[in-house]
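Chains A and B are the protein sequences, given in the same order.
One rule links them: number in our numbering = place in the first sequence (from 1) + 872.
One rule links them: number in our numbering = place in the second sequence (from 1) + 171.
What the hints contain is simulated information worked out from the structure, not anything from laboratory work.
No experiment lies behind these values; they were computed from the predicted model shown.
Beta carbons: idealized from backbone N, C-alpha and C, even for Gly.
Mixed in with the good hints there might be a few duds.
Unchecked claim - Below 30 Å or equal to it, Euclidean Cα-Cα: the simulated DSS-like pairs (lysine-lysine) are:
| hint | chain 1 | residue 1 | chain 2 | residue 2 |
| --- | --- | --- | --- | --- |
| 1 | A | 889 | A | 929 |
| 2 | A | 937 | B | 174 |
| 3 | B | 174 | A | 929 |
| 4 | B | 278 | A | 937 |
| 5 | A | 943 | B | 278 |
| 6 | A | 943 | B | 211 |
| 7 | A | 937 | B | 211 |
| 8 | B | 278 | B | 208 |
| 9 | B | 268 | A | 929 |
| 10 | B | 278 | B | 174 |
| 11 | B | 211 | A | 929 |
| 12 | B | 208 | A | 929 |
| 13 | B | 174 | B | 208 |
What the hints assert, rightly or not - Partial selection, computed: residues in chain B whose CB lies under 8 Å from chain A:
| hint | residue |
| --- | --- |
| 14 | 213 |
| 15 | 214 |
| 16 | 216 |
| 17 | 232 |
| 18 | 235 |
| 19 | 255 |
| 20 | 267 |
| 21 | 268 |
| 22 | 273 |
| 23 | 274 |
Claimed, not checked - Heads up, incomplete: computed chain A residues facing chain B, CB under 10 Å, no partners named:
| hint | residue |
| --- | --- |
| 24 | 879 |
| 25 | 882 |
| 26 | 905 |
| 27 | 914 |
| 28 | 931 |
| 29 | 962 |
| 30 | 972 |
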Amino acid sequence: EAQVTQNPRYLITVTGKKLTVTCSQNMNHEYMSWYRQDPGLGLRQIYYSMNVEVTDKGDVPEGYKVSRKEKRNFPLILESPSPNQTSLYFCASSWGRTTDTQYFGPGTRLTVL
Amino acid sequence: EDKVVQSPLSLVVHEGDTVTLNCSYEVTNFRSLLWYKQEKKAPTFLFMLTSSGIEKKSGRLSSILDKKELFSILNITATQTGDSAIYLCALTSGTYKYIFGTGTRLKVLA
């Protein structure tokens, strides 16, 4: 089944404790992206990747890192999480240059205390 | 600055009504406009529009883009309770960034 998976689905952590949210897709998509969704602010793009080893900042990259060492995986790293990073996070993927239709993962609800 | 504005912010209708959701935008280098439906979980894709005046249809849902006036509409006819969701409009530009609007929350009453 074609899908985007994220882990963990729920996470409660404390300020400053490094964490990684994994994202994997099995559709051989070139383009992958991370979003955060907050009430009243909608979905905002954090980082995106056009292909392996190619990443770029979205609108809200501060406090986040990403890497794209393999085509299927695009982890989101919070080196020193803070309470303002409490949010619902979505990973998404698409073919990229040929079509912009994105497929979203199930979401990760992160709470930083 | 690229921008997407959706209206109304929320809408309550009765089953069988027709609704029109609006999405206006500003963008430097337009690639496409997309509509998504979000129920309790992840957004699911509805339509991608790239050309003006060509209506896309899927069942009771349809959408059209006006690149001259910089807006798109999403129509839902004969609404059902299962149409209750947040409808998201997103824009892509030449930089391959995605800009989402804040969404329209639709509630359909039985």
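*Which numbered conditions among the earlier hints are violated in the structure presented, ordered from lowest to highest?*
Failing hints, ascending: 4, 5, 17, 18, 19, 24 and 25.
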